[in-house]
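Visitor: Sequence:
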Amino acid sequence: MKELYEAADFVGVYYEETADFFSKYFKNEEEMHAFFVRVFKNDFEDKTPRRMMNLIVRWVGLAEDIDKIKPGRDSLTIMCVRFCIDAICEISCKRKEKAVFLQKHLSDEGRKYIEQSFSVIRIEDGEGKEIIDASSDMHAFENLVFRVRSATAHEGDYWTSQVFLHSDQVHMVSAFFEKKNGEVLETVRYETKIERDRFIHYFIESAVNFIDDYIKIKAKG
1 MKELYEAADF VGVYYEETAD FFSKYFKNEE EMHAFFVRVF KNDFEDKTPR
51 RMMNLIVRWV GLAEDIDKIK PGRDSLTIMC VRFCIDAICE ISCKRKEKAV
101 FLQKHLSDEG RKYIEQSFSV IRIEDGEGKE IIDASSDMHA FENLVFRVRS
151 ATAHEGDYWT SQVFLHSDQV HMVSAFFEKK NGEVLETVRY ETKIERDRFI
201 HYFIESAVNF IDDYIKIKAK G
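Residue numbers are given in our numbering: position 90 of the sequence shown equals residue 90, and the series is strictly consecutive.
No wet-lab data here; the hints were simulated from the structure. Possibly wrong hints are sitting among the right ones.
Below, simulated PhoX-like cross-link-like pairs (lysine-lysine); rule was C-alpha separation at most 20 Å, straight line [unchecked claim]: (1) K218 to K96; (2) K129 to K180; (3) K104 to K216; (4) K216 to K41; (5) K216 to K94; (6) K2 to K41; (7) K24 to K68; (8) K193 to K179; (9) K47 to K94; (10) K179 to K129; (11) K104 to K180; (12) K218 to K94; (13) K112 to K193; (14) K96 to K180; (15) K179 to K41; (16) K47 to K216; (17) K47 to K218; (18) K2 to K47.
With these hints in hand, go ahead and build the complete structure from the sequences.
Guide: Now the structure itself:
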């Protein structure tokens, strides 16, 4: 392992910062190092796994830094997470997986947590009439992640929608407003009990699963 890390230049500050980041999201050091080994075994033929790993550290690290400056602004965390999804899907040439990333790569535990912690109450058009949508709550949550990201990045709205529980809340009812030229086109009202730290944990778990799937497919040729 040491020889592999040295050959890949996974040493010094680079190693320390990466290990410090991922140590919070693996059960133990053995599992974390097993992941690093899987990544760097491919490094001399394909650096895509390394690049994806680095993107996770950078985008989630940015989300954590922003949360210290703007605590409670859920949309900024969601934006960073979705940008991370976009980036790793782009460099792995799996653009179609952006829309179903969480549904496909979350662990059973993570998927169950989201399904039990998020539900759409009502969807309305611009006139307040109900829109019937038979999509699952998991699909609705992933769609919300994309739409919140877009509203934050393109419209600068990072305060309207609350996605995570804050302080001692048991649950939160919030809404997302799809707008065009200031006019509300659609309103999604939802209930959430998602804790931010648990969401981040499950997201990183899904991103690691994505990298492992990429490595497995490459190995099969």
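Visitor: Work down the list of hints and note, for each, if the structure agrees.
Guide: Hints and how they fare:
1. Restraint check: the Cα-Cα separation between K218 and K96 comes to about 18 Å, which is no more than 20 Å; the hinted pair holds.
2. A hinted pair counts as satisfied when its Cα atoms are at most 20 Å apart, and K129 with K180 qualifies at roughly 18 Å.
3. As the CA atoms of K104 and K216 are separated by approximately 16 Å, the hinted pair is consistent with the 20 Å bound.
4. Annotation: proposed proximity of K216 to K41 holds, straight-line Cα distance about 12 Å (limit 20 Å).
5. Simply put, K216 and K94 have alpha-carbon atoms about 14 Å apart, close enough for the 20 Å limit, and the pair holds.
6. Of the supplied pair hints, the one linking K2 and K41 holds, its CA atoms being roughly 12 Å apart against a limit of 20 Å.
7. Taking the CA atoms of K24 and K68, the gap is about 18 Å. The hint holds against a cut of 20 Å.
8. Using a Cα cut-off of 20 Å, the hinted pair K193 and K179 is violated, with the two alpha carbons roughly 25 Å apart.
9. Between the alpha carbons of K47 and K94 the distance comes to roughly 16 Å, so the proposed pair stays at or under 20 Å and holds.
10. At most 20 Å may separate the alpha-carbon atoms for a hinted pair to count; K179 and K129 meet this at roughly 16 Å.
11. Between K104 and K180, the direct Cα distance comes to roughly 31 Å. Violation of the 20 Å bound is thereby established for this hinted pair.
12. Among the hinted pairs, K218 with K94 is consistent with the structure: their alpha-carbon atoms are about 13 Å apart, no more than 20 Å.
13. Of the pairs offered as hints, the one joining K112 and K193 holds, with about 13 Å between alpha carbons and a cut-off of 20 Å not exceeded.
14. Annotation: proposed proximity of K96 to K180 is violated, straight-line Cα distance about 26 Å (limit 20 Å).
15. With a CA separation close to 47 Å, the supplied pair K179 and K41 exceeds the 20 Å bound.
16. Pair hint K47 plus K216 holds up; C-alpha atoms about 14 Å apart against a cutoff of 20 Å.
17. Of the pairs offered as hints, the one joining K47 and K218 holds, with about 12 Å between alpha carbons and a cut-off of 20 Å not exceeded.
18. Restraint check for K2 and K47: the C-alpha separation of about 19 Å stays at or below 20 Å, so the hint holds.
Of the numbered hints given earlier, the model fails hints 8, 11, 14 and 15; all others are met.
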